[in-house]
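S.K.: Top to bottom, those sequences are chains A, B, C and D. The first sequence maps to residues 272 to 662 in my numbering. The second sequence maps to residues 272 to 662 in my numbering. The third sequence maps to residues 272 to 662 in my numbering. The fourth sequence maps to residues 272 to 662 in my numbering.
Simulated from the structure, these hints should not be mistaken for lab results. One should not assume that every hint holds.
Copies of the same chain look alike in the list, so a pair counts if it fits in one copy or across any two.
Derived lysine-lysine pairs resembling DSS-like cross-links, with alpha carbons at most 27 Å apart [as the list claims (entries may be wrong)]: (1) K396 with K458; (2) K596 with K283; (3) K480 with K414; (4) K490 with K476; (5) K415 with K624; (6) K392 with K484; (7) K287 with K344; (8) K490 with K458; (9) K543 with K624; (10) K458 with K392; (11) K480 with K283; (12) K624 with K413; (13) K596 with K298; (14) K344 with K298; (15) K543 with K287; (16) K365 with K656; (17) K543 with K596; (18) K287 with K596; (19) K298 with K287; (20) K490 with K480; (21) K341 with K302; (22) K660 with K283; (23) K335 with K458; (24) K480 with K418; (25) K287 with K396.
4 protein chains.
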Amino acid sequence: MTLWKKNYELDKSIEKFTVGEDYILDKRLVKYDCIASIAHVGMLGKAGILNTSEVKRLRAELNKIMALDKAGKFGIEQSDEDCHTAIESHLTAKLGKLGMKVHTARSRNDQSLTALRLYYKEELKETENLVLELIESLEAFKKKYGKTVLPGYTHTRKAMPSSIALWSGAFLDSMDNNLEILGSVLKLIDQSPLGSGAGYGVPIKIDRKFTAKELGFAKVQGNPIYVQNSRGKFEAAIVGALSQVMLDLNKIACDLILFSMPEFGYFILPRKFLTGSSMMPHKNNPDLLEILRGSYHVVNSYEFMIKGIAANLISGYNRDIQLTKGAIMKSFDISRESLGVAIMLFDNLSVDKDACMRGMSKEIFATGEAYRLVEKGVPFREAYKRISKGY
Amino acid sequence: MTLWKKNYELDKSIEKFTVGEDYILDKRLVKYDCIASIAHVGMLGKAGILNTSEVKRLRAELNKIMALDKAGKFGIEQSDEDCHTAIESHLTAKLGKLGMKVHTARSRNDQSLTALRLYYKEELKETENLVLELIESLEAFKKKYGKTVLPGYTHTRKAMPSSIALWSGAFLDSMDNNLEILGSVLKLIDQSPLGSGAGYGVPIKIDRKFTAKELGFAKVQGNPIYVQNSRGKFEAAIVGALSQVMLDLNKIACDLILFSMPEFGYFILPRKFLTGSSMMPHKNNPDLLEILRGSYHVVNSYEFMIKGIAANLISGYNRDIQLTKGAIMKSFDISRESLGVAIMLFDNLSVDKDACMRGMSKEIFATGEAYRLVEKGVPFREAYKRISKGY
Amino acid sequence: MTLWKKNYELDKSIEKFTVGEDYILDKRLVKYDCIASIAHVGMLGKAGILNTSEVKRLRAELNKIMALDKAGKFGIEQSDEDCHTAIESHLTAKLGKLGMKVHTARSRNDQSLTALRLYYKEELKETENLVLELIESLEAFKKKYGKTVLPGYTHTRKAMPSSIALWSGAFLDSMDNNLEILGSVLKLIDQSPLGSGAGYGVPIKIDRKFTAKELGFAKVQGNPIYVQNSRGKFEAAIVGALSQVMLDLNKIACDLILFSMPEFGYFILPRKFLTGSSMMPHKNNPDLLEILRGSYHVVNSYEFMIKGIAANLISGYNRDIQLTKGAIMKSFDISRESLGVAIMLFDNLSVDKDACMRGMSKEIFATGEAYRLVEKGVPFREAYKRISKGY
Amino acid sequence: MTLWKKNYELDKSIEKFTVGEDYILDKRLVKYDCIASIAHVGMLGKAGILNTSEVKRLRAELNKIMALDKAGKFGIEQSDEDCHTAIESHLTAKLGKLGMKVHTARSRNDQSLTALRLYYKEELKETENLVLELIESLEAFKKKYGKTVLPGYTHTRKAMPSSIALWSGAFLDSMDNNLEILGSVLKLIDQSPLGSGAGYGVPIKIDRKFTAKELGFAKVQGNPIYVQNSRGKFEAAIVGALSQVMLDLNKIACDLILFSMPEFGYFILPRKFLTGSSMMPHKNNPDLLEILRGSYHVVNSYEFMIKGIAANLISGYNRDIQLTKGAIMKSFDISRESLGVAIMLFDNLSVDKDACMRGMSKEIFATGEAYRLVEKGVPFREAYKRISKGY
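Bound conformation, chain A alone (with noise of 0.2 Å):
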C-alpha cells in the first residue's frame, strides 16, 4: 500500500523501476523517520490537532518501531515504497484512525528529507569522530618513528631530505583541514526542513521551531521551495566533503604502495595485512591500499552522480532527486571503512630506519651545498649553477 493510493493500480513494473532500491536503502532510515515522527507528533499535540492521549499513543508506537527496528525486525516490503509508508502502514495496523492522522501537516517529502537530514548528521559526526581517530594514530605513529630521515621527492624523484615526522605531519595537517570541511558542511546542512510540506508549506498552522529545536536542528530551514532546492545541492557538498578526505587517504595509499615496495623499503606493512596471489606462491600484495587508493574514485564519481542529477530541474521537488540516496550513503559507508582502515594501519605500521637512511644518497643534499654557498655570498642563482655541474 502506498501513501497515495488512488482508485487505479499503478503498473507492477513501473512500480518497481521507480522504487528501485529505495526499500532496501530505507532501512537505516527507520530510526531517524521514527524520531522526527515523535517530535511531529508532538508539534501536533501542542497545535490542538492531536490530543494529550493520541500523542502519547503514537509516539508509544512509533517507540516500539525503533526496537523493532533495532532488533532487525521491521521490514520494509518492495509495495512498501519505502520506509515512511511501512511505517505509517504499521501505524495504522496497530492504531486504526489515529495512525490515519499522522501524516497531518507533513508531506512524505519534508519527511523524508527530515530523516535524511538526521541521518547525514549522524554520520557526519561518527566521520568526524573516525577522522580525530586517525590523527590520533598518525600522531602515536609521528611520535614513534617521526625522528627517522627519510628521502623527500619531487616529480617522482630524489628531492631534499625529509622526515616521518615532517611526512606524517603533513597528514596531520591535511586531516586537521578536513575537520574544518566537515565541519562547514555539517554547519550547513543543520537546518530542519520539517513543516515545509512538498515545497510549498501546509495549508494550516504548524510550529516548524518546535519540531526544529525537538530534533537537534540549530535552525528552521525557512523557505518550503529552497528546502526542495537544496535536495542535491546539500548531498554534493557532502559527498565533496567526504571526497576531501578520501582524496588525502589516496594519498596515504599511494605513499605507501610505492615506498613499501622492496626496492624502496622505507615502510613495513604488517604481513597480517597483505593478501596473495592464486598463481604465485611468493606473493604479499597491498590489496587494501590499492582498495583504499580506488576508493577515492568511487566517492568521487558519487559527488558527480549527485551533481549530474541535481542539475537541469526546475524547482520543486522531482523525482529524479531520490536518485541520490544509494550515492550518498554509499559514500558514507565507503568513507567510514576507508577511515577504519587507515586508522588500522597507522596503530600497524612500521618504518625500516636502515632502509630509510640507504635512502638518503648523495643529489639529496645538493640544495643544502648551494646555500652553504649563499652563506659564504654567493648569489642563490650562481650557487645554484656550480652545484648543478656535478648532476
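Once you have looked at the hints, place chains B, C and D on chain A.
M.R.: Same frame as chain A, but now just chains B, C and D:
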C-alpha cells in the same frame, strides 16, 4: 578459505574491506565461471595435464554447480572472497585432490576476466535485443500517430512545423546508431583472456586458441599484459556505449515530461504509469519519466568511476580495478530496466491530436512565409527581414 | 631562459608541451607574484641576506613591473615558461647580480603557490561581492513582484499555490548559503605557502610568519609537504564552492526558460536579452539562459578535472597538478560572468501578473480543500481520499 | 552584425556572454565552412535557386576567403558572433545582394554542424595517423630492445618474468584496439547534416544527397531532429574515443615515471627531455611524462563536460550545446600533442639491460618453480603451498 591461503591469517577487518561487495556481485558470475572452467578443463585434458576421466569428473561437477546456481542454491560466503574461490572449494570438497588441479595453468586474474567477459557479451547482446524491441515499439507508435502534426521547438520556443513521425523518427535513428555503437564495443571486447595468467602468461604449454573457440570468442587476446591493461579500458567502452543509449532515453523522458504537462497536452501518459503524492490529493506524477531521466546520470557517473579508477596505474594487475565490477553490473541493470520501461512507454503512450493542432500557432509558419517570398525571387536575407517585422 | 637552465638544451617540442598554456594563463598572476616577491625581499632583508639598499632596489623594480603589467606592457614569452621566470629575468636584466639573489630561500613551487593563493583569495572575495549584488537584485525583484501569486510545481506538474516572494526567497536563501560556503573555503585556503620551498623547506633560516603577515594571510601553512599536497585539494574545494553557486544559477535558468515560454508566460524576459535565428524570422530565443544553464556543467567538469588530476599521486610536487591552473581560472571567470548576467537578469526581469493568475487553476487548491476537512475533524488520510476522487 | 539582426539591439553584455569564445574557436572552422558553402551553393544552383553565374561568383569569393584564412588574414570579430556570420557578411560586402542569397535553404544550425563534422572527420583521421606513427615507433623500440628481460609486476610488486617485447607489445595491441575504436566513431559520425535546417528541414525542395556526396560524407543524416539531437551524442563518442587513447598514454607515462626512477633504472629518458628545478641544482624531472599522465584527466573531464551539457534537454536545438565546442577542440589538440610526444618518447627512449637483469630477483621465478612440480605430477594447489613457504 582463500585461493592463496598462507601460513598466516589475514586480518579479518582487512579481509572484509578488500573483499567488499565481491562475494555478492559474483553471484551472477557463477554460471560464466563454470562455463569457462569447463573449457579450461577440456584444454588441460588436451594438453595431457588431466586425463580423460579427470576431465569428465570435473565437468560433471561443474555442471552440477551450474544447476545448483540456477536453482538459487549455490552460495558464496564473505570468507570465500569471490565466486572463483567458492567454486574451487566446492570442487575440492567433492573431488578431493582432483579439485586442486583445476587451477593449473591459470590465475584468478585471467579466470575472473574470462567470466566477466562472457557476462559482458551476454549482457551486451541482451541490451541490443532490448534496443531492437524499443525500435519495434517506436515503429508501432509512429505508425499509429505519425501523421499528427506537432510544433517543433528550438531553444524551448516554437520554431517550425514538425510531426509525430519526425519526432519518433529521430529516436528510431538514434537507436539505429546505438546498435552500431553497441556492436562496435561487442566486437572490441570479443577476445579471450583465458590463459594469460596473472598478466605474464603461464610457465607451461597451453592452447589458448582451443579455449577461445570453445567459449565462442572471436579471437585470443594475445598479449597477457594487455589482457590486464585492457581491464578498465574495455569496461569504460562498454559503459560509454550504455550511456549513449541512456542519453537518448534521457531526451525521450525530457520531451515527454514537458509535453505531457496539461499546459501542452501533446502526449498522454497512461494513468497506470502515474504516481500520486502523500499530501496533495490531485497529483498524477510522471515519476517513471523522472527516474528514466535521472538514470542517465547514474550510468554516466559509473563510466567516470571506471575511468577514474583505471587511471594513474602502472601496467599489470592492480587491485583497484576490481572496484569497477559493481559499476559495470549496475550500469547493465539500469540500462536494461530503462529500456524495458521505454518499451512499455511507447506501447502505452498516446497522442492528443487536438492539443497538437492547437499548438500549431501562427509563428510556427513564419519561416514558411519567408520562403514563399524567396520563391518569388526575394533574396533570403531580405525576405527574412520583412517577415521578422511581424514578431 | 628558464629558472633551471643547465648545460644542455631541453628539446623544443618537449618544452612547448610541458609549458602548455602556462605562459598565457600566468598573465593574470604577474601582479600577485610581484606582491609576493616584495614581501619575500623584505623578509630576506630582515634576515640579513639582502642589505637595505638591495631590498629597496628590488622592491622599486618589482613595483615597476606591476606598473608595466597594469599598462599591459609586461609580456611573457613561451620560452619564459611562466611569469616567475619572466619576472626574475627582468630583474636580472635591470639589476644584474642583485636579480640573481631574489630567488634565495624559495623555490618556484612555493612562489607559484603564493601567487596563486593570493589570486584565489581575491577572486573568491570578488565572487562573494557578486553574490551579494545578486542578493540585492533578488531583493529588489522580490519587493517589486513578491505579492504576485504563482503556481507551485512538483514533478513538473502543478502542485500548490506559491508566489513570486516564495520563489525568489528560495534563491535568496540559497545565495546566503553560498556565502557561507564561499566563506568556509576562503578561510580554509587562507594559509601562506611562502617559505615552504619545493616541499621540504629551505636549508637556511627564514621568517615565514613575517611574509604571511605582510601578504595578509591568516596563518602560515606550516608543513611544507602539506603545502604541496594541498594543491589540488584546495583547488577542488574552491571549484566545488563555485559549482554550488552555479548549480543555483542553473536552476534559475531552468525555471525561467520554462516559465517564460509563451505557453506559460509567467515571466517576461526583456527583448534586448533575446537573440534571433538565422533562418526563422519570428524567433526570440533565451540564449543567455541556456548558456547560464550549460555553464554549470562546464564548471562542474573543471572540478572533476582537478579531482582527477590530483589523485593517485604520491606526496610532494608532481607536475600534473599544474594542469589544474587553467581549470580553476576558467571556473572563476565563468562564475563571475554568470553571476554578472544573473544580476542583470533580475534587474530587468518582469512578471506577468495576469498570466500568473491564469495559471492558478483548480487543482492547485486541492490540498487546501483536504485541510479544510481536517480542520473539521476528518483524519488526514481520509480527507485526502475524499478529495482525490475528483482528480 | 549578426545573421538574425532585428529592429532592436541585443544588450552588449548579453552578447558578450552568449558569444563566449565562439569567435576565437571558430577560426579553425573557416576552412570547413567555406568548403560546405561551396557545396551548398552548387546545390542551390542545381535546384535553380541560383543561376550559373551566381554560383560561380559565390564560389570564387568563398575560395578567396579560404585563401585569406590560410594566410591568417581572415578575422572574426566578437561582434560577428561566429565564423558563419563573418563569412556571410564578407560575401555580402563583396557581392551585394548575391551574398544575401547564400543562406537560402539552410540554417546556421545545419551550417555549423556541417563545418564541425568536416572538422571532426579530419581531426579523427589525423589522430588515426598519429596512432599509426606511434605504432611504428613502438615497433622500432620493440625491435631494438625487445629481447631484454624485465621484471613483471602485479599490485606494484614483482610477479613474474616479463620482457621489453611483452611490455611494448601490450601497447601495440592497445593501439590496434584504439584504431578500431577511432574507426567506429569516424563511421558513426560520417553523416551529412547539411539541409536539415534548424532541425525541422527547410520549406523548399533541396537535394541533400548532392551536398553529402560533394562533401565526402558516407550518407545523409536523414531525420532533421536527430541531426540536432545527435549533437552532444556524437561529440561524447568522439571524446570518449580520444580518452581511450589517452588512457593508454597515461599508463605508458605511469610505467616510465616509475621504472625510470634511479631506484629501478630499467628505462632511461634522454636528457634533453628532462627539466630542472628552480631551487634544487641536481634535479632531472620527467615533466613531460607527468603532463602526459595528467592530460588524460583533462580529456576525460571534457568528455564528462559534454555529457553533462547534453543531458536533461528536450529535442531540437538548445544553445547550451554550443559550449561543447571548446571541449572537443581542446580534446583533439591535447590528444594530438600527447601522441606526438609519445612518438618522440619511444624514438628516444632507451633501456638499461643491466638494470633490468638486476631486477630479476629470485621471487620472480617462484611460480615457475611451482610449475616444475606440477610437471612432476603434484596437484597445482599443493605445489603452490610448498613453494609459498619460502616467502
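S.K.: Flag every earlier hint the structure violates by its number, smallest first.
M.R.: 11, 23
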